[in-house]
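Given the coordinates of chain A, work out where chain B should sit on it, guided by the hints.
Chains as they are written, first to last, in my numbering: chain A, 745 to 1259; chain B, 3 to 135.
It should be emphasised that the hints constitute simulated quantities derived from the structure, not laboratory data. Yeah, the Cβ is synthetic: ideal placement off N, Cα and C, and Gly gets one too.
Partial list, computed: chain B residues near chain A (C-beta under 7 Å):
{"#": "1", "residue": "MET50"}
{"#": "2", "residue": "VAL94"}
{"#": "3", "residue": "LEU95"}
{"#": "4", "residue": "ILE98"}
{"#": "5", "residue": "ALA101"}
{"#": "6", "residue": "ALA102"}
{"#": "7", "residue": "ALA105"}
{"#": "8", "residue": "VAL111"}
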Amino acid sequence: MIWSHWIIVPIVLPLLAGGLILLLDRTRPWAVRVLSLAATSALLVVDIGLLIHAARGGVDAYLLGNWPAPYGIALALDRLSALMLVLTAVVAIAGLLYACRDEDERGAHFHALFQFQLMGLNGAFLTADLFNLFVFFEVLLIASYGLLLHGGGATRLRSAIHYVAFNLTGSALFLIAVAVLYGITGTLNMADLARKVPSLAGTEAVLAQSAGLLLLVVFSVKAALLPLYFWLPDAYAAAAAPVSALFAIMTKVGVYAIARVYTLVFGTTAGAAAHLATPWLVWLALATLGLAAIGVVAAVRLRALAAYLVVASAGTLLLALGLATQRTVAAGLFYLIPSTLVAAALFLLIDGVSRARADNNDRIGAQAWHRPRGTLAFTYFVCAISVAALPPLGGFLGKVQLLAAASDTPLQAWVWGLVLVSGLAVVVGLSRAGSAVFWKAPDGDGAHLRAAPAQYFSLGILLMCLVAVSVLAQPLARYTNATADQLFAPQAYIDAVLGKQPVAPAWNPREGMVK
Amino acid sequence: MSIEFLIASAIGVFAGAGVYLLLRARTFDVILGLTLISYAVNVLIFAMGRVRIGMAPIVAPDRAPSLASYADPLPQALVLTAIVISFAMTAVLLAIAIAARAATGTDHVDGVECGAAQRDAGDAADDAGARQR
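The following block holds chain A by itself, in its conformation from the complex (with noise of 0.2 Å):
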């Protein structure tokens, strides 16, 4: 099968990138710019190479070093898998695009830290084994450790420290259920742990939640759900716009860790331990939400306005999750995509406002500005509109798919409570500072002066991409309606997985070549 190997592309091909462009950095950076623009491109064609491939619904799987399931490490691509390769893939170039116009020269290793940390998101998304998934989740983590302190100074360093604590705790929290999940069923494929987990009884089992209930812990770390989410603003904030950009789909790499895991392993087959994580998901979401809301109307600086708008995507997704009914699956992660576009929008928007502003910072009030500010209010408008989920762009049809699935479900008053009023804060929070910000603010000198064309270029992906959401609304939802259904019937997965046959070897060391 031609496709067979293409599976582990996206994880090798930014490693080799990655490994290359360490040994040119420094002596030539164009040469480092192109092969790093380069790569992404390719991974990107990759990218929608699979996703086509995973449209057609089935799983496929891949066996590391050709060792059969569950012994071996194997890697799955499903529909979630590559819907989350591609929109990593399209933020990477349009916050690599947005580097290259000087944000990547002010500190050592910027593009190589980039493609490690692409190569551990990719993997994230690909793996079908528990440890697998630790493993790439401390890839993706140690790069962007790197990348948040790119740049250097004290307010990256302080928000550095709390981020990598933060973390490190998470990671042995993660460490302890992957080893309790070990000692009790014996394996760590996750294929072969939904297999296992339904037929557990008496304290084992017990184990076995509260060994799951530790993983929606960690996951909700990277996702930030709402008693963990406190280190989110305070490192979205302090990091160069085009890691900001790159860190939107970070909290995504949580939302999907809790909709593979809790689906899958701890999904409606799963016995005894069955929606393990659906009552906690449902009530912290919308805490979550509420508080984000909060944050949204309080924040003094647009850095700070747009984490807490990430932190109020998470909600909404956690939210969708946690209903776990196929339909808000469904909603939710045709959510995913406009808002994650958004996200990166924004705090690539939120450097060049500040860079165009006279005092050089993102504070929301009336300073004065030293560069036009036209094509930045457009925008900030659009991006506005799609991110308070207004009609028409993709974070409305979104939020409409999510109320409309939600009417069936016993939580009805409380979401459509907290999703709208939610979002009218949400609304009143951007047209605030977007008034104060773009409106009540004088003309400084240089009104004549234009910005860099690379930023408007990787503005415009995003803007672009955002469009294409709502102009393919529905393909988009037909695929996303697949996808909850294949997450919703794990017996496809596990089959792909564990009945996956190694290759015959063509090379025999006692017999020599067999054929």
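Same frame as chain A, but now just chain B:
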């Protein structure tokens, strides 16, 4: 006293001391705490392959080829990976802590000494950071 009891208490003591240190306000204490927690986790992973005395994880010709005569090799491989990763992460955190100590002049985890001037200093540092950008 059984060996299981000893291992379980060791994990508990490591984890307890680690959590206590993690909650303190100095970066060095936090790093020590994280290290102790990672010790506790490593021993836990090791113990999850079951405690078996005098058993090797590698196939030997003089032992019967059955599961009863070998220790589980997988947790030992997992623990090796976990040790390497936590070692690297501790090194990164140490480097960040030293750089933060140099940049802010304090080893408090918030980058500001506790006290009345905390908020103002934080805002001033934010402005400085924004200007650098």
